[in-house]
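Participant: So you can see what is in the structure, the chains are spelled out below.
Protein chains: 2
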Amino acid sequence: MTADKCKVLLIGSGGVGTIASYSLEYEDKAVVTSVLRSDYAIVKEKGFTIDSIDYGHIECYRPTNIVNSVESAKEYGPFDYIVVVTKSLPDITNMVDVIAPAVTSETAIVLIQNGIHIEEAYMERFPKNTVLSGVSMIGSSNKNGCINHETTDFLRVGVFPNENVPKDKQDSICQKFVQIYNTGKNECVFDENVEFSRWRKLVYNATLNPVCALTQLDVGRLEIFGAVDSIIRRAMKEVIAIAASDGVQLPESVIEFMIRSDDPVYYKPSMLIDYEKGNYMEVEVILGNPIKIAQKNSVDAPILTLIYHFLSVLQCKIKEEKGALIVPKERPVAAK
Amino acid sequence: MTADKCKVLLIGSGGVGTIASYSLEYEDKAVVTSVLRSDYAIVKEKGFTIDSIDYGHIECYRPTNIVNSVESAKEYGPFDYIVVVTKSLPDITNMVDVIAPAVTSETAIVLIQNGIHIEEAYMERFPKNTVLSGVSMIGSSNKNGCINHETTDFLRVGVFPNENVPKDKQDSICQKFVQIYNTGKNECVFDENVEFSRWRKLVYNATLNPVCALTQLDVGRLEIFGAVDSIIRRAMKEVIAIAASDGVQLPESVIEFMIRSDDPVYYKPSMLIDYEKGNYMEVEVILGNPIKIAQKNSVDAPILTLIYHFLSVLQCKIKEEKGALIVPKERPVAAK
Numbered sequence: 011m012t013a014d015k016c017k018v019l020l021i022g023s024g025g026v027g028t029i030a031s032y033s034l035e036y037e038d039k040a041v042v043t044s045v046l047r048s049d050y051a052i053v054k055e056k057g058f059t060i061d062s063i064d065y066g067h068i069e070c071y072r073p074t075n076i077v078n079s080v081e082s083a084k085e086y087g088p089f090d091y092i093v094v095v096t097k098s099l100p101d102i103t104n105m106v107d108v109i110a111p112a113v114t115s116e117t118a119i120v121l122i123q124n125g126i127h128i129e130e131a132y133m134e135r136f137p138k139n140t141v142l143s144g145v146s147m148i149g150s151s152n153k154n155g156c157i158n159h160e161t162t163d164f165l166r167v168g169v170f171p172n173e174n175v176p177k178d179k180q181d182s183i184c185q186k187f188v189q190i191y192n193t194g195k196n197e198c199v200f201d202e203n204v205e206f207s208r209w210r211k212l213v214y215n216a217t218l219n220p221v222c223a224l225t226q227l228d229v230g231r232l233e234i235f236g237a238v239d240s241i242i243r244r245a246m247k248e249v250i251a252i253a254a255s256d257g258v259q260l261p262e263s264v265i266e267f268m269i270r271s272d273d274p275v276y277y278k279p280s281m282l283i284d285y286e287k288g289n290y291m292e293v294e295v296i297l298g299n300p301i302k303i304a305q306k307n308s309v310d311a312p313i314l315t316l317i318y319h320f321l322s323v324l325q326c327k328i329k330e331e332k333g334a335l336i337v338p339k340e341r342p343v344a345a346k
Numbered sequence: 011m012t013a014d015k016c017k018v019l020l021i022g023s024g025g026v027g028t029i030a031s032y033s034l035e036y037e038d039k040a041v042v043t044s045v046l047r048s049d050y051a052i053v054k055e056k057g058f059t060i061d062s063i064d065y066g067h068i069e070c071y072r073p074t075n076i077v078n079s080v081e082s083a084k085e086y087g088p089f090d091y092i093v094v095v096t097k098s099l100p101d102i103t104n105m106v107d108v109i110a111p112a113v114t115s116e117t118a119i120v121l122i123q124n125g126i127h128i129e130e131a132y133m134e135r136f137p138k139n140t141v142l143s144g145v146s147m148i149g150s151s152n153k154n155g156c157i158n159h160e161t162t163d164f165l166r167v168g169v170f171p172n173e174n175v176p177k178d179k180q181d182s183i184c185q186k187f188v189q190i191y192n193t194g195k196n197e198c199v200f201d202e203n204v205e206f207s208r209w210r211k212l213v214y215n216a217t218l219n220p221v222c223a224l225t226q227l228d229v230g231r232l233e234i235f236g237a238v239d240s241i242i243r244r245a246m247k248e249v250i251a252i253a254a255s256d257g258v259q260l261p262e263s264v265i266e267f268m269i270r271s272d273d274p275v276y277y278k279p280s281m282l283i284d285y286e287k288g289n290y291m292e293v294e295v296i297l298g299n300p301i302k303i304a305q306k307n308s309v310d311a312p313i314l315t316l317i318y319h320f321l322s323v324l325q326c327k328i329k330e331e332k333g334a335l336i337v338p339k340e341r342p343v344a345a346k
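If you read the sequences in order, they're chains U and V. Position in the first sequence (first residue = 1) + 10 = the working numbering. Position in the second sequence (first residue = 1) + 10 = the working numbering.
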């Protein structure tokens, strides 16, 4: 009977999102409606092909419902959870607007996304809904509907506290999601301290990610070429200081942990791969928001600030490549 | 009679150096011995082909003597001037060692090169010789012996003051070089204040040059994408502050002058072109030396410092591409 099952709307069925979708449906505890864009036709026809370290080889995985817009997903609702697994690009796409048509008073929104303070726009727009944080540790990529899932799915899910919703209710909505997501093959845990998890991950994401993108070097070369000493450790200290000003005490040991976390691989972080492919980068949620917090709390962060300015320029470059920003044929000059 | 003519040894016959060589020989006032490396065979055979805004089209220009090493140049000496027109790359090539075999007690060394404090290594090694500064404003490039000279040759030549040589003697050696270099087609002036000229040029070279290289964007796009406001002006202010600590007062107006100096062209500075071609960049003399001066004089320069660290990483990347730096097959990991 589907009546007992949770109804999940999933936005963003890439490498991470498709494994999330598969996990949610694995033990028949949820019905997933997946909104697909570029892969819609191919998945409708052939389903996803998955090679997964957790689940093995799977041919023709189709989420229960496949749609190409949130509007057309509504017939499969109302949804208990809307799970957003896209890149977090508020400067490019207003995801709050995108999901709005499918949000009911009982819908919980699950943001399996990078960055800090990403929940604010959702909580402002849907003040009485529960918003959950998903911090994912997974290696998984999607190429035209073929999912290559290389490192095991470890997901921390917690509550972005909302004073308009009883804490018990938020916690139980979160616990239920954790219970559904867990398949025995993956690991999904209740995250008691969402902000801690997010700031901790940012120690890597706000430093190694953008510096690798900017220099177009993997983490190993960055270290051999001296930038871990000259740039990365200092930038990581700035992240820790900003986190502290935001109420999150990270131990100093997280710096060495993150620097060594890719050993012994010459690892290319996702932002570098995005830049190489000409895809948008999560500049605002990974760097812009921390910088804003630093400014608000008068924390000195010269290195992160400059890295942010550099990445903002690269984002414009990608916009130009995509035709989303038109550079005039003649260079505009200042009035004399 | 060649007896009355100045003897010049020229190192670095690229776009700038070949025009310098041609200018010095133009009115038969000097005999140039040119040390060629990669273009030696082609120039020996066919000479340089020059398209020059100052001199027109010239087929088969051969400096009087063409050699492939400083050692083999010695038979054409002793030299009145050794003119160094290579890129200034002390981290790659020790040019002091390169020219040493041809330096006599009466040789003046002319550095037509970018950067600050570039004379120190020469004055340390040749403490009793006159060292001259050449600050060139020219657009000229070399491709396999074909010189494309697009903007007129304007050269400021001055004295790097040397307390071991009478000031009159240094000045007259400099004035004589200016007189030889001037052809009526170009403009070569005596530079009364070498340090001012060099720091002034650095306002552009230490900021727009490396930031364009790092972002792989021309100056026009950098401005449209916001980086002139977010990065360049602030970095230029740091250059001005470091210059002041080094005894050179630059007017604030130089900032807008430099930002507008490429109007209305989407101009790619030389460092960007070097990076695109996989050539070494003048990181140390353009950024490293100013940073050292900032540190010595306790001037805060966080933006230039970070740009320097980024460019140092890119220089390593070029070294790896050229095989001058070997990255181990396995990423080295820290001992546990």
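If you are wondering where the hints come from, they were derived from the structure by calculation, not from laboratory data. Yeah, the Cβ is synthetic: ideal placement off N, Cα and C, and Gly gets one too. Hints may be right or wrong, so weigh each one.
What the hints assert, rightly or not - Here are some, though not all, of the chain U residues that point toward chain V, as calculated from beta-carbon distances under 8 Å: (1) D64; (2) Y65; (3) H67; (4) I76; (5) L227; (6) G236; (7) L324; (8) C326; (9) V343.
Participant: Kindly indicate which numbered hints from before are broken by the structure, ordering the numbers from low to high.
Facilitator: 1, 2, 3, 4
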